[in-house]
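J.: Given next are the chains, with one letter for each unit.
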Amino acid sequence: MRFIFDRNTWQEIFGSISKNKTRTIITVIGVLWGIFIYIALSGAAKGLDNGFDKVFKTVAINSMFVWGQSTSMPYDGYKTGRQMQLKLDDVETLKNRIPEVQYIAPRISQGQFGNEPVYTVRGQKSGSYTLNGDYPIYTKIATKKIFDGGRFINQEDIDQARKVIVIGERVEQELFDKGENPVGAYIRVGSIYFQVIGVTKLAEGVSFDSDSAMFIPFTTYRKLYNSGDNIGYMCIAAYDDADAVQVEKDIKALLRNIHRVDPKDERAFGSANLGEIFNRTMGFADGLTFMSLVVGIATILAGVIGIGNILLISVKERTKELGVRRALGATPGEVRNQIILESVFLTVIAGILGIILGAGVLALINTLTKDADFPYTNPTVPIPYVLGALVIMVVLGTLIGLIPAQRAVSIRPIEALREE
Amino acid sequence: MIEIKDLHKSYKMGSNSLHVLKGINFSVEEGELVAIMGSSGSGKSTLLNILGMLDELDEGTYTLDGVPIVNLNETKAANYRNKFLGFVFQSFNLINYKTAMENVALPLYYQRMPRKQREEKALKYLEQVGLKEWATHLPSELSGGQKQRVAIARAMAAEPKVLLADEPTGALDSTTSYEVMELIQKINDQGNTILIVTHEEDIAHMCKRIVHLKDGIILEDKKVKQVRAVTNVQ
Ligand SMILES: Nc1ncnc2c1ncn2[C@@H]1O[C@H](COP(=O)(O)OP(=O)(O)O)[C@@H](O)[C@H]1O
Ligand SMILES: [Mg+2]
Chain A
415 MRFIFDRNTW QEIFGSISKN KTRTIITVIG VLWGIFIYIA LSGAAKGLDN GFDKVFKTVA
475 INSMFVWGQS TSMPYDGYKT GRQMQLKLDD VETLKNRIPE VQYIAPRISQ GQFGNEPVYT
535 VRGQKSGSYT LNGDYPIYTK IATKKIFDGG RFINQEDIDQ ARKVIVIGER VEQELFDKGE
595 NPVGAYIRVG SIYFQVIGVT KLAEGVSFDS DSAMFIPFTT YRKLYNSGDN IGYMCIAAYD
655 DADAVQVEKD IKALLRNIHR VDPKDERAFG SANLGEIFNR TMGFADGLTF MSLVVGIATI
715 LAGVIGIGNI LLISVKERTK ELGVRRALGA TPGEVRNQII LESVFLTVIA GILGIILGAG
775 VLALINTLTK DADFPYTNPT VPIPYVLGAL VIMVVLGTLI GLIPAQRAVS IRPIEALREE
Chain B
52 MIEIKDLHKS YKMGSNSLHV LKGINFSVEE GELVAIMGSS GSGKSTLLNI LGMLDELDEG
112 TYTLDGVPIV NLNETKAANY RNKFLGFVFQ SFNLINYKTA MENVALPLYY QRMPRKQREE
172 KALKYLEQVG LKEWATHLPS ELSGGQKQRV AIARAMAAEP KVLLADEPTG ALDSTTSYEV
232 MELIQKINDQ GNTILIVTHE EDIAHMCKRI VHLKDGIILE DKKVKQVRAV TNVQ
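In the order they appear, the protein sequences are chains A and B.
Okay, so the first sequence: first residue is 415 according to my numbering, each after it adds one.
Okay, so the second sequence: first residue is 52 according to my numbering, each after it adds one.
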């Protein structure tokens, strides 16, 4: 190891690499480009990954919606075209029979999927909004950010069928003056007065609800609209490790069974699976990470091989010099070490430059996409990755340096000295 | 200092082999200044290379300062060269991107000498050859004679037991040659053992002994009265 800390060693290395400046630069650029690609691509992939994570942060990852449609096959004496109506009982049955289900939030709503929104008035101001009858468990599936001082529907609201309401941010803006605190105020929904208990912030990323929605206790809704045990649709969250697609199939199969629908009737119940979309998106990000790794490593390899080539040429050119050194007492080991060190030095310098350049570009992209509506957040390459890349550089540099080093010592000093 | 017995050396060239040295018996005492003469192709360089452990002998024995030189691997040979031998070449063989001082210090680097000490010593030897003020110059900025003097300083810096010079004046004009010979004589005067290969009569006579090679054997080996190099410079 002594030779690494000797100024002469470095002088030897600088001397020999500065003799072929252009070629040294070209080779360094080869490796630099490789590590730059690696850093930039994997950083970008990480950025997308972070971005997607943020998008899906406010909803349960393995979540889906299920609703009733109408049958497309006759079955068990029923005619085709029978309207399917989900019931509160279905929720219990699903929870009991499908173990992968973590939460089910039944919901009934007005003003969604084509039916009339609800006319809402406060003083002189009015508007028409979607009205949802919800259970508190809904927030387990889709996080609701409530502005300070407010809350979402709780179990007591359900038990007592209170006339309380949570409104979306836009509803607040349209019905209240700026600076006014809506919590505690009353608004008239249809013909009934409700007390506002909270305002939902519009969630960043994926959201189930628009900001012009309103939420009241399910029990209140059912009284108001006389809807009995009917529910509009279910929001279902499966456990994180469950196969969302399979859970979705199981749920629909069970519902067909409960509602006496032909097991082959795919149309009777509709569903949308967020877990599947999420997995596909994340699969894309993973693929990108993997691809950046492959491309980066291939480019680095090409660059390192380039360095090996240059060193091989330079060793050939320096045959005589190496012969002189050996006449002066350089052992084959010392000559070998010097050349390997040259290789490692070039690779590491190129690597560091590439990392700096890559980090710079990532920082630039981050600044440029900060305000853009693009799922791209904090595109950093973790330090261990960078260090790992450097270690790989050293290892590759050493390995590739072995070839010219071996060539340098394979020639006998007497022959090396004869070289002109 | 040097003891050679019945040395043979052939070069294989395809199916035939060229018998270059055919039984050399030869010894050199400490402090001698020996010229090895002979026409081109007579095997002078071959002999010197074997003495310098750059080449191997086929038959015979070689003892240097009491150490039998046998079964050398490259690392061992390198260490012996570093410890025992100094080389001066016809074409100087300075490293072109190193300054005069760095060139002189190079064998000391391979002796694992600390840098400060190395530089001090290199400067001391540059001073001996009269080139101290050229220490920071690159070889390309030096004349032929200066280059050879740097090369001699480099060979001497490691304080070898024997200095081997293959045609050290071969690439120099006669005035410069005499300057170099004067330097070699001075180093010899300090007690150093020196072998010089040359085919020039006047250079050979500046040594104390002339060994004449012909057709692979020693034709003549005689002590001569040394001609001082200074006396040749008018
Ligand atoms: N490596 C070698 N391979 C083959 N022949 C060689 C080799 N080295 C020298 N010779 C031959 O050996 C002979 C002696 O060479 P050398 O010792 O260089 O002569 P000198 O130095 O006296 O001119 C020459 O004929 C030369 O061609
Ligand atoms: Mg010769």
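By construction, these hints were calculated from the structure, which means they are not laboratory data.
Quick caveat, the model's predicted, so the values are computed rather than measured.
It is possible that some hints are incorrect.
List time: in silico DSS-like cross-link candidates among lysine-lysine, alpha-carbon distance up to 27 angstroms [what the hints assert, rightly or not]: (1) A/Lys433 x B/Lys183; (2) A/Lys663 x A/Lys637; (3) B/Lys183 x B/Lys167; (4) B/Lys149 x B/Lys183; (5) A/Lys678 x A/Lys663; (6) A/Lys734 x B/Lys63; (7) B/Lys56 x B/Lys183; (8) A/Lys509 x A/Lys435; (9) B/Lys273 x B/Lys63; (10) A/Lys435 x B/Lys149; (11) B/Lys212 x B/Lys276; (12) A/Lys577 x A/Lys666; (13) B/Lys274 x A/Lys734; (14) B/Lys259 x A/Lys734; (15) A/Lys468 x A/Lys615; (16) A/Lys730 x B/Lys127; (17) A/Lys554 x A/Lys493; (18) B/Lys273 x B/Lys237; (19) B/Lys134 x B/Lys172; (20) B/Lys183 x B/Lys127; (21) B/Lys127 x B/Lys56; (22) A/Lys730 x B/Lys172; (23) A/Lys501 x A/Lys637; (24) A/Lys678 x A/Lys493; (25) B/Lys134 x B/Lys212; (26) B/Lys237 x B/Lys73; (27) B/Lys276 x B/Lys259; (28) A/Lys734 x B/Lys172; (29) B/Lys56 x B/Lys73; (30) A/Lys730 x B/Lys149; (31) A/Lys734 x B/Lys56; (32) A/Lys433 x A/Lys637; (33) B/Lys237 x B/Lys183; (34) B/Lys265 x B/Lys134; (35) A/Lys666 x A/Lys509; (36) B/Lys134 x B/Lys63; (37) B/Lys167 x A/Lys433; (38) B/Lys149 x A/Lys433; (39) A/Lys734 x B/Lys127.
J.: Are any of the numbered hints broken by this structure? If so, which, sorted upward?
T.: Violated hints (numbers, rising): 2, 7, 8, 9, 12, 13, 14, 17, 20, 22, 26, 31, 32, 34 and 36; every other hint is consistent with the structure.
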